[in-house]
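Number of protein chains: 4
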Amino acid sequence: MDLWFTEYYTKNARFSIKIDKHIISLESEFQRIDVFDSYGFGRILALDGYLMLTEKDEFIYHEMMTHIPMAVNPNIHDVLVVGAGDGGVIRELTKYNYINKIDMVEIDKLVVDVCRKYLAQTACKLDDLRVHIYYEDGLKFVRSKYNEYDLIIVDSTDPFGPGEDLFTKEFYGNCYKALKTEGILINQHESPYYPNDALAMQKAHKKIKSVFPKALVYQAHIPTYPSGHWLFGFASKGLDPIGDLNTGWKTLGIKTRYYNTDLHKGCFALPNYVKELLKNA
Amino acid sequence: MDLWFTEYYTKNARFSIKIDKHIISLESEFQRIDVFDSYGFGRILALDGYLMLTEKDEFIYHEMMTHIPMAVNPNIHDVLVVGAGDGGVIRELTKYNYINKIDMVEIDKLVVDVCRKYLAQTACKLDDLRVHIYYEDGLKFVRSKYNEYDLIIVDSTDPFGPGEDLFTKEFYGNCYKALKTEGILINQHESPYYPNDALAMQKAHKKIKSVFPKALVYQAHIPTYPSGHWLFGFASKGLDPIGDLNTGWKTLGIKTRYYNTDLHKGCFALPNYVKELLKNA
Amino acid sequence: MDLWFTEYYTKNARFSIKIDKHIISLESEFQRIDVFDSYGFGRILALDGYLMLTEKDEFIYHEMMTHIPMAVNPNIHDVLVVGAGDGGVIRELTKYNYINKIDMVEIDKLVVDVCRKYLAQTACKLDDLRVHIYYEDGLKFVRSKYNEYDLIIVDSTDPFGPGEDLFTKEFYGNCYKALKTEGILINQHESPYYPNDALAMQKAHKKIKSVFPKALVYQAHIPTYPSGHWLFGFASKGLDPIGDLNTGWKTLGIKTRYYNTDLHKGCFALPNYVKELLKNA
Amino acid sequence: MDLWFTEYYTKNARFSIKIDKHIISLESEFQRIDVFDSYGFGRILALDGYLMLTEKDEFIYHEMMTHIPMAVNPNIHDVLVVGAGDGGVIRELTKYNYINKIDMVEIDKLVVDVCRKYLAQTACKLDDLRVHIYYEDGLKFVRSKYNEYDLIIVDSTDPFGPGEDLFTKEFYGNCYKALKTEGILINQHESPYYPNDALAMQKAHKKIKSVFPKALVYQAHIPTYPSGHWLFGFASKGLDPIGDLNTGWKTLGIKTRYYNTDLHKGCFALPNYVKELLKNA
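Chains E, W, A and P supply the protein sequences, listed in that same order.
If you read the first sequence in UniProt numbering, its first letter stands for residue 1, the second for the next number, and so on.
If you read the second sequence in UniProt numbering, its first letter stands for residue 1, the second for the next number, and so on.
If you read the third sequence in UniProt numbering, its first letter stands for residue 1, the second for the next number, and so on.
If you read the fourth sequence in UniProt numbering, its first letter stands for residue 1, the second for the next number, and so on.
Next up, chain E with everything else stripped away, as it sits in the complex (with noise of 0.2 Å):
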């Protein structure tokens, strides 16, 4: 049978994965929410037709979210997650016995069932007992609290529809002032390639740069995001990824299949086109 899912890029620009079976499509308050078997790519979860995740790729978003602040600051106990309803960047964290509490903020609790049901691969840990959940909107989520994470990983759709306010620069100085001292905010970042994404990421960095001191951006090559090129905020009131770079991270055992601290150094090492843009953002 011949069942398609395609993403356009832009108008101009699409990627098409071959469908087996659609395994579940709901509406939830927010938006449409799609569970796909494809061929080649494992289960497939796709908002508002948009593709979020497909197993087969999905480790390197979540890893490259949370593990290069994790080996930054080998202090971390205290993490909130905006978003990530799919639980990817929750599995990556819970592999640090010594994170104390992980919350986390998802506006649409549809999108966690789902997983949970569908999506075991990443939803895997979200009953970690360390876990906590808040079906809430992670902007006001966020506006109460102070000087209480160690490390708030912003995994958020694109910034339209609900994403929309975790592109804010409410939000992310709200974000600051959650933060404690050697606080770090991640956050997907957007693409340099296509002009609208570009766009996207330059008004995101340029928002992050008026609120943190330090906001650099960190690169990643994710196959089934538009261009395969997809960029990672990393911001901080002081801590710089590389310099601070924890040399012990690697004896802490932790597995992982993209990232490893030379790549760590490596990723912040952006090509002439998007240093570029981001300046000029």
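Among the clues, some could well be false.
Note that the list lumps identical chains together, so a pair holds whenever it fits in one copy or between two copies.
Here are the simulated DSS-like pairs of lysine-lysine, each with C-alpha atoms no more than 27 Å apart in a straight line [to be verified]:
no.: 1; residue 1: LYS145; residue 2: LYS56
no.: 2; residue 1: LYS109; residue 2: LYS95
no.: 3; residue 1: LYS21; residue 2: LYS56
no.: 4; residue 1: LYS109; residue 2: LYS21
no.: 5; residue 1: LYS101; residue 2: LYS275
no.: 6; residue 1: LYS279; residue 2: LYS250
no.: 7; residue 1: LYS275; residue 2: LYS265
no.: 8; residue 1: LYS56; residue 2: LYS279
no.: 9; residue 1: LYS255; residue 2: LYS279
no.: 10; residue 1: LYS145; residue 2: LYS177
no.: 11; residue 1: LYS250; residue 2: LYS265
no.: 12; residue 1: LYS145; residue 2: LYS265
no.: 13; residue 1: LYS21; residue 2: LYS169
Think of the hints as simulated: they come from the structure by calculation, not from any bench.
Given chain E, put chains W, A and P in place with the hints provided.
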């Protein structure tokens, strides 16, 4: 009008670009050659239906093939380029005024003719006086060369069809002989993500490693190549791409849009899963 | 979301329908069964990836299979339907209150179960008391029947896979024996336009002609079948579809959306190129 | 190579043809003109991205526009063809040696030039001495004509863009005046299946009916037009397409691949749902 050029990455994944016009389509002795005007990616060159380059992102591939070795050894004067009929590597090489000679061996004259006429963006320096074009089989050409080149760049198509010979152990052995003591071999090295590409990458790496004392792999983000995660091989008789990086490269004033010396160091830091594949090659 | 079901008419022509949801996907002993919710065509049934019906235009196929023979012989009381698990032909037959018995032989019970649950539009009359469903091989079922039916309707899939037997000379011969003197055999007869379909049409016609004294072909516009030009076979022991058309059919008050008695006469008038193909079968 | 031309029938249904080469692409004063070499359909002409004809099935359209009226009135000597720049209708008309004059009004000279050069299959008779080509607006041309033609064939594009005027009541009124007493107007009449086409069909029929005492619609199977179910209008000052069918047509010895006089009678027998749409126009 709705006209799309599609490349199947596997039989279950495909990437499509919207086409405005099909500029030319020719059948040479070796392959079918097509040039398109696309929307959003400028002109596109396809050989035997495989996308070779788009004007939008060819700079990434060509810069990464050229400036990595040039920044390691500041005494590169004699260069051999195998394949590369589009001229992109030549364009980058001609930025170095201390290069004396660039031999280019391209089996298919028609590719060069088509690129001269329709792809000036890459072919613009093919008439540089240092460039000598040989329309011959690359494998045979290199066989008769001893201790002649400081750098060989193998800008081949994939390891089937006309490019097949350029992925053989015999060819790599001949390259070794053709290189001087400080010689470097660069080759396009396929991709680690999709199974078939990963296999080709492993095979190439295994062969190069058996010939060259130093054989590393580096990566770049090339959005219009399968998975966007593309690899290159750096092999040498001794020079190390990072240990021997010439910090003076920046003073040459060479303009690049992707390459820079930080990224030079970063691009050799590979993801664990890629390292694993190479180790098991 | 961009999800499309595509059917390749040949390897160079394809028709695609945008899908909202994949309602169910099952693998029976005989074939893969899929039901989709489409945009613009209502529910869709596919067997082994081939589109069997859409709610938007199944009335055309089912009316043309049923009312053509019913309007020729007003004394049809005993009917055999082979295949037709979706129930569309049954629905049309049950509009005739003077039909006494409808035997339906469908090899794949799962098709019937799925249609009962998800395709009420066609399956709505499967519980009519006159309907007797046999989950058996059509070829075997007919073998043991003599002089039993006034009408046999062969609503098969294409002549490969589970439907293959229903395109054999043996099967047509058995149908002949199973029919009474005034009996009529109707079968879906593929299409004259695309080469493979045309070949199947020719083969079927040749075989039927060798068994039945009267073997004609008629056509209908079915937009979601390959080429939109679909054919049906009308074979009998003597009755002529036009000469014997019962002008009283209109007085039965049967509601149809495609069929009428003018079109009845018109649909046997085939294009020259189709007549040529049939003559050369 | 994987290059496909796609036509969207609605936003939820599309038909695609595999392309070998894009022969030419030009922008005239009126529209974009593209010719392709396809696989399986021969050459293809597209105007503004809409498929106008394929060499594989253009005979159906052109025969049905031409021989239907020619077989009704054996005294057609003066013909006006509006649109039809590809020459297909002209080719069919020139098969009648008793036609004296064929005026052809095509607004876009470039279409004719392109077809002469790249579509000899249809354009082959444009130089017949009886043919007079006027590169003018069809609506204006007809305005000044009184009692001059026995037959007007309107071979227009769809009722938007350059073809828009040829679907107005004013145009039909002018055609009426331009026709002699036994005159016939034939026009391409869109399709009943997809909602937008059906609406266009209804609008055209309503207007023609308000101008001509006799206004019927007939159908043909044209696989590469939306739905494959295409309609034509037959309007006259009194001649009836079936009642006045000239049984002597066969003796003319005109070779056709689709048309024949049985099909002539059959093609006016429309499905109930089409009749309904026309009645409610």
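At most 27 Å between C-alpha atoms: does LYS145 with LYS177 qualify within a copy, between copies, both, or neither? within (7 Å within a copy, 66 Å between copies)
Up to 27 Å between alpha-carbons, please classify LYS275 paired with LYS265: within, between, both or neither. both (16 Å within a copy, 16 Å between copies)
Could you figure out if LYS145 and LYS265 sit no more than 27 Å apart (CA to CA) within one copy, between two copies, both or neither? neither (31 Å within a copy, 40 Å between copies)
Is the C-alpha distance from LYS109 to LYS95 at most 27 Å within one copy, between copies, in both cases, or in neither? Cα proximity of LYS109 and LYS95: one copy only (24 Å, versus 49 Å across).
Quick one: LYS109 to LYS21, C-alpha cut-off 27 Å, is that within a copy, between copies, both, or neither? Intra 24 Å, inter 21 Å, cutoff 27 Å: intra and inter.
Since the copies are identical, ignore which copy is meant and state whether LYS250 and LYS265 lie within 27 Å (CA to CA) inside a copy, between copies, both or neither. So LYS250 and LYS265 pass the 27 Å test inside a copy (14 Å) and across (20 Å) alike.
Reference check for the pair LYS56 and LYS279, CA-CA at most 27 Å: within, between, both, or neither? So LYS56 and LYS279 pass the 27 Å test across copies only (21 Å; inside, 34 Å).
Alpha-carbon proximity between LYS101 and LYS275, which holds within one copy, between copies, both or neither at 27 Å: neither (35 Å within a copy, 33 Å between copies)
How do LYS145 and LYS56 come out at 27 Å by Cα distance, when the copy is not named: within, between, both, or neither? Neither: 36 Å inside a copy, 45 Å across copies.
Which holds for LYS21 with LYS56 at a C-alpha limit of 27 Å: within a copy, between copies, both or neither? both (16 Å within a copy, 23 Å between copies)
Should LYS21 paired with LYS169 be assigned to within, between, both, or neither, using CA atoms and 27 Å as the limit? neither (40 Å within a copy, 38 Å between copies)
Regarding LYS279 and LYS250, is the shortest C-alpha distance of 27 Å or less found within a copy, between copies, in both, or in neither? Cα proximity of LYS279 and LYS250: across copies only (19 Å, versus 33 Å in one copy).
Of the numbered hints given earlier, the model fails hints 1, 5, 12 and 13; all others are met.
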